[in-house]
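Novice: So the chains spell out like this:
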Amino acid sequence: MSPNNTAPVMGVTVPVSPGFAEAEKRPLLPDQPIVTIEPGKFWVALDLRGLWAYRELLYFLTWRDVKVRYKQTLLGATWAIIQPLFTMIIFTLLFGRLAGIKSDNIPYPIFAYAGLLPWTFLSNAITSSGNSLVGSANLVTKIYFPRLIIPSAAVAAGLVDFVLAFLVLIPLMFYYHVSLSAKLMLLPVLVLLITMLALAVGLLMSALNVKYRDVRYALPFLIQLWMFVSPIIYPSSMIGGKLKIFLTLNPLTGIIENFRASLLNAQLNWSSLAISAAITSALLLYSAYSFRKMEKHFADVV
Amino acid sequence: MKPIIRVQNLSKLYRIGGREAPYQTLRESLVQAVRSPLKSLRRNGSGADGTIWAVKDVTFDVQAGEVVGIIGRNGAGKSTLLKILSRITEPTTGRVELYGRVGSLLEVGTGFHPELTGRENIFLNGAILGMKRDEVLRKFDEIVAFAEVEKFIDTPVKRYSSGMFLRLAFAVAAHLEPEILVVDEVLAVGDASFQRKCLGKMSDVARQGRTVLFVSHNMGAIQGLCSRAIWLANGKIVGQGETNRVVAEYMDMIGQDFTVPGESDAGSLSIQKVFLKNEQGDTTTNFSFNRPLVIEIHYCARRRIEKPYFWISVSSKFGPLFAASMLLDDMRPDYIEGEGCVTCFFERLSLLPQVYNVSMGVRGNDGVSVLMKSTDVGVFQITSTPEDLGFRGELADTMAWDTSPFVIPYKWYLSGG
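As you go down the protein sequences, you meet chains A and B in turn.
When we follow my numbering, the leftmost residue of the first sequence carries the number 1, and every step to the right adds one.
When we follow my numbering, the leftmost residue of the second sequence carries the number 1001, and every step to the right adds one.
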């Protein structure tokens, strides 16, 4: 055995350093900085390229929300169906039977369900995206990525529930002998529009919520109001006179009415659809820009 | 030569008004909007109250491949600087140019979801840190092996032990491959073996020629890893250059001024000064092998505190080393009230020439409630050379930095061939 007289205790491989700087590989630096950090200018860009670079994060956050949402629940994803289904049953009893609301010659249960389907998606998406930034405070203060992704993922996760709830519609349509028509082709456009609308409101609410926690309390209440001023329980044909204008300016009107019409083979209303599309697009653009403008303070105030 | 990071006149102003919560309610905002024209008149443009410059006029360059340590007391602006560099928060003035992709690790385990399995969390966390899916796939086995969680990879992480969780979280972050890596005090968590693993990985990263900015209170780790150090105090750079020199200056400085950053609870007890003294009673940061260390804690108790427990713990880059704790010895004062001093006398520092950190805390009579705790009350180093300790091996100078620092007298007995 040869004598060993070096270290008295176990060796550990933390090298003593100076000289690292002259390491083997030296990356070639680009001429222009990849990122320049400066205090914000008044006008901000949407940074769609940055958003695109992080598209996988959007996917994973959505996937996480979907995966985690019904963990440790007895009924699991059935909840996505229960909510609109039971609302429909209660609405049918209350408004269809008791109040006797005329539903444009469509059986009230399917009339209500076809309206509740996009509505449930919208209200859930807005609620969860509105609270998403505050709920992800630890991410916001510790890691950089385009902040738009957080509320967007919350909206996207709502789409999964929407698809599940949609499946209930199929037996209902059979039961009430609804005939299918070419109008169904419009459905994807309507789903896109309502997603845009959910995103528009969700982005704005989530950003405001960071600064003003009032949003958390105001939101459920505002959503409830919104439902009553939209043609979900009643058809828009029931509203006449001066109120009609307000109903038309509600971007949800055109979406819900046409969603119902395309599914149940009723009369499409192109003008209200055009108004909804225009208002929704403008709203989305506005809230995305406001979001970007407020974004830089998130980490400091959340 | 062109730097990979160029920081110019960077400043960050924080508003820290007396408000409890940093966020506002709508009503407060409205009230403020009404009042503010008056307020700005009244204030007469001084504007100094309720704001603090977390970072002030900081300018430096970092060359590609450099490993730079950032040191300073709590609240010196280190973390804010890293947050600006990682684009989490925006500077108030100034400019940063980054000529490479930045990956930052400001906290271990951010974005992990307890309900998801280890496997799922690796992908999720990878995406959060900016890794592509196929990049994660490629490194998946390596990450799992590094974290030593092969058997539990399909178990929800809420069932992991805290050690497993930390290893997995660090493993994902450690396999990021940005050109610039920004790391905040990650070594403050976990046990000694975890910290050693982190340090080993960090030095691998450094050797691959990547640029690293590294914040730590652990002077040993800074000296072991960094070729250059930047010393921040009150948001400003007060020293920078070759690591050993800057660390030595920093330690001299804090040796003279040991005001403890207040983490004291409820204001019932504050620690005013902590002095590290040698056997002659001189305050110093330099100690000799096998000589005594005296720690004086000057406190002020604003009310009568019955039978408090004081504890002192000394750690190095390898983690906690030894402690003196009234929780163990029960040598407690009957009560403390007003100003006073607790002195602890460590008989012999049988430690290798490295840098050591002192932390301390005080617990209430029940032994559970924390009256105050601070992880950063003092730093000292052993200045004896390995030769003074009787270590004359060829590699003794370098090994003394690299091995766990306790020295217990020993002898070898050789027999046979």
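No wet-lab data here; the hints were simulated from the structure.
It is possible that some hints are incorrect.
Unchecked claim - Partial selection, computed: residues in chain A whose CB lies under 8 angstroms from chain B: (1) Lys-71; (2) Leu-75; (3) Asp-104; (4) Ala-299.
Cβ atoms here follow ideal geometry from the backbone N, Cα and C, with glycine treated the same way.
Novice: Please go over all the hints and tell whether each is borne out by the structure.
Specialist: Verification of the hints:
no.: 1; hint: Lys-71; in the structure: holds (5 angstroms)
no.: 2; hint: Leu-75; in the structure: violated (17 angstroms)
no.: 3; hint: Asp-104; in the structure: violated (41 angstroms)
no.: 4; hint: Ala-299; in the structure: holds (4 angstroms)
Going down the numbered hints, you'll see the structure goes against 2, 3, while the others check out.
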